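Heads up: the sequence lines are chains A and B, in that order. Taking this note's numbering, the leading residue of the first sequence gets 1, the next gets one more, and so forth. Taking this note's numbering, the leading residue of the second sequence gets 1, the next gets one more, and so forth.
Heads up, a few of these hints could be off.
[Unchecked claim] Here are the in silico distance ranges between beta carbons for each label pair: (1) A:E25 - B:R39: 40 to 48 Å; (2) A:Q65 - B:T81: 47 to 55 Å; (3) B:E11 - A:L52: 33 to 41 Å; (4) A:E48 - B:E98: 48 to 56 Å; (5) B:N65 - A:Q65: 57 to 65 Å; (6) A:L44 - B:D35: 35 to 43 Å; (7) B:H47 - A:E56: 31 to 39 Å; (8) A:H3 - B:E98: 36 to 44 Å; (9) A:R45 - B:E11: 57 to 65 Å; (10) B:G138 - A:Q28: 24 to 32 Å; (11) A:Q38 - B:S158: 22 to 30 Å; (12) B:E11 - A:E56: 23 to 31 Å.
[Claimed, not checked] List of simulated lysine-lysine pairs, DSS-like, C-alpha gap at most 27 Å: (13) A:K10 - B:K103; (14) B:K58 - B:K68; (15) B:K68 - B:K91; (16) B:K58 - B:K22; (17) B:K58 - A:K37; (18) B:K91 - A:K37; (19) A:K10 - B:K68; (20) B:K91 - B:K103; (21) B:K133 - B:K95; (22) B:K133 - B:K103; (23) B:K58 - B:K74; (24) A:K37 - A:K10.
[Stated by the list, open to error] Stretch by stretch, here's where chain B covers chain A in the computed footprint (C-beta under 8 Å, at least three residues): (25) 23-34; (26) 43-51.
Please keep in mind that the hints were generated in silico from the structure rather than gathered at the bench. Since we're looking at a predicted model, the values are computed, not measured. All residues carry an ideal CB built from backbone N, CA and C; glycine is no exception.
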Amino acid sequence: MSHSSAGRLKSAALDFSDVLTIAREHWQDQKAEEFQKQRIAPILRSVETACLAMDEMAQIVAQMQRECGPIREE
Amino acid sequence: MSGPVHVQSIEVLQAVKAAMLKFQEEAQAVVNGTDMDLRRVWHWLEHEMPSYWQSRMKRLEVDLNEAKNALFRKRLQAQGTDRPAFDTVEKQEVKRLEGELEKARLRLEAIRRWRMRFERDVSEFNARMRGIKDEVGGGIERHGEFIDGLIQALEAYSAIAVPKASSSGTSAGSSVQPTDPENKETEK
Numbered sequence: 001m002s003h004s005s006a007g008r009l010k011s012a013a014l015d016f017s018d019v020l021t022i023a024r025e026h027w028q029d030q031k032a033e034e035f036q037k038q039r040i041a042p043i044l045r046s047v048e049t050a051c052l053a054m055d056e057m058a059q060i061v062a063q064m065q066r067e068c069g070p071i072r073e074e
Numbered sequence: 001m002s003g004p005v006h007v008q009s010i011e012v013l014q015a016v017k018a019a020m021l022k023f024q025e026e027a028q029a030v031v032n033g034t035d036m037d038l039r040r041v042w043h044w045l046e047h048e049m050p051s052y053w054q055s056r057m058k059r060l061e062v063d064l065n066e067a068k069n070a071l072f073r074k075r076l077q078a079q080g081t082d083r084p085a086f087d088t089v090e091k092q093e094v095k096r097l098e099g100e101l102e103k104a105r106l107r108l109e110a111i112r113r114w115r116m117r118f119e120r121d122v123s124e125f126n127a128r129m130r131g132i133k134d135e136v137g138g139g140i141e142r143h144g145e146f147i148d149g150l151i152q153a154l155e156a157y158s159a160i161a162v163p164k165a166s167s168s169g170t171s172a173g174s175s176v177q178p179t180d181p182e183n184k185e186t187e188k
């Protein structure tokens with residue numbers, strides 16, 4: 001478990017979002033609006049929630065490893 | 001919902017779908033990797049660390065016993081003589097091992113606490129991951145089918161529109177009004 005998982009997911013979402021932004025310059029109708037609001041927005045929200053969860057879990061795991069793992073001599 | 005579809009090319013929709021599928025693939029890999037990481041962490045907490053600290057405690061108990069024997073012998077040697085026991089090193093070793101043993105005991109306690117806490121953390125984590133898991137596990141595929149519906153409708157329309165467009169000199173596909181693919185989707 002690491003912060004890099006969240007980073008990888010965020011990068012994938014950003015790449016997807018870039019393509020959508022370009023596409024929307026050529027696709028500007030009611031269907032596009034609907035597609036954006038009803039289908040893309042929930043994906044991006046789920047990415048945001050997942051990234052936050054993964055970052056928090058990475059911190060939890062790091063703390064757990066410090067408190068339960070072998071003691072590192074300074 | 002019905003209404004005109006204004007896209008400058010079918011390729012735009014195809015590009016959106018391709019990007020969406022690429023995202024799905026990447027997101028699926030992240031989700032799978034995360035699940036695997038969590039299983040590894042669970043195993044580490046449930047099995048590896050308890051076993052590590054228990055065996056360390058056993059070893060430390062043996063070492064401490066030996067250190068106490070050494071200290072005892074040193075004191076015995078000095079008994080009945082005028083000289084001091086010179087047992088500083090042995091005493092320090094006993095103290096060090098007692099400290100190590102206490103650390104190991106505290107680690108085992110921490111592991112017991114973390115097992116309970118981590119179960120809750122994982123449960124909460126899984127709830128927060130549900131959205132992205134639903135998307136990669138079928139949601140995105142349905143959005144792709146929605147785009148396929150739009151593409152098919154546009155293709156069907158341009159097959160009709162091209163001859164008319166040729167005669168009027170306009171480009172087919174810049175503003176078309178195909179059959180609503182949503183209706184097809186809801187029929188499924």
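Evaluation of the provided hints:
1. Between E25 of chain A and R39 of chain B the beta carbon distance is about 44 Å. The supplied range of 40 to 48 Å therefore holds.
2. In this structure, Q65 of chain A and T81 of chain B meet the distance hint of 47 to 55 Å, their C-beta atoms being roughly 52 Å apart.
3. Between E11 of chain B and L52 of chain A the beta carbon distance is about 35 Å. The supplied range of 33 to 41 Å therefore holds.
4. Separated by about 50 Å at the C-beta atoms, E48 of chain A and E98 of chain B satisfy the suggested range of 48 to 56 Å.
5. About 31 Å separates the C-beta atoms of N65 of chain B and Q65 of chain A, a value inconsistent with the hinted range of 57 to 65 Å.
6. In this structure the hint that L44 of chain A and D35 of chain B lie 35 to 43 Å apart at CB is violated, the actual value being about 22 Å.
7. Under the hint 31 to 39 Å, the C-beta atoms of H47 of chain B and E56 of chain A, about 24 Å apart, miss the expected range.
8. For H3 of chain A and E98 of chain B, the Cβ-Cβ distance of about 39 Å falls inside the hinted range of 36 to 44 Å, so the restraint holds.
9. Between R45 of chain A and E11 of chain B the beta carbons are some 28 Å apart, a value that contradicts the proposed interval 57 to 65 Å.
10. Our hint of 24 to 32 Å for G138 of chain B and Q28 of chain A holds, since their Cβ atoms are close to 28 Å apart.
11. A hinted range of 22 to 30 Å for the beta carbons of Q38 of chain A and S158 of chain B is consistent with their spacing of about 26 Å.
12. Checked against the hint of 23 to 31 Å, the pair E11 of chain B and E56 of chain A fails, with Cβ atoms roughly 40 Å apart.
13. Restraint check for K10 of chain A and K103 of chain B: the C-alpha separation of about 40 Å exceeds 27 Å, so the hint is violated.
14. A distance of roughly 15 Å separates the Cα atoms of K58 of chain B and K68 of chain B; the hinted pair therefore holds under the 27 Å criterion.
15. With a C-alpha separation of about 8 Å, the suggested pair K68 of chain B and K91 of chain B falls inside the 27 Å cut-off, and the hint holds.
16. For the proposed pair K58 of chain B and K22 of chain B, the alpha carbon gap of about 52 Å is over 27 Å, so the pair is violated.
17. With a CA separation close to 61 Å, the supplied pair K58 of chain B and K37 of chain A exceeds the 27 Å bound.
18. About 73 Å separates the Cα atoms of K91 of chain B and K37 of chain A, which puts this hinted pair outside 27 Å; it is violated.
19. For the given pair, K10 of chain A sits about 58 Å from K68 of chain B by alpha-carbon distance, which is inconsistent with the 27 Å threshold.
20. A threshold of 27 Å between alpha carbons decides the hint, and for K91 of chain B with K103 of chain B the separation of about 18 Å falls inside it, so the pair holds.
21. Restraint check: the Cα-Cα separation between K133 of chain B and K95 of chain B comes to about 53 Å, which exceeds 27 Å; the hinted pair is violated.
22. Restraint check for K133 of chain B and K103 of chain B: the C-alpha separation of about 41 Å exceeds 27 Å, so the hint is violated.
23. For the hint pairing K58 of chain B with K74 of chain B, the CA-to-CA distance comes to about 25 Å; that is within 27 Å, so the pair holds.
24. Proposed proximity of K37 of chain A and K10 of chain A is supported: the alpha carbons are some 19 Å apart, at most 27 Å.
25. For the stretch 23-34 of chain A, the proposed coverage by chain B is satisfied: 9 residues have a C-beta within less than 8 Å of a C-beta in that chain, meeting the threshold of three.
26. Counting residues of the stretch 43-51 of chain A whose CB falls under 8 Å from any CB of chain B gives 6; the rule of at least 3 is met.
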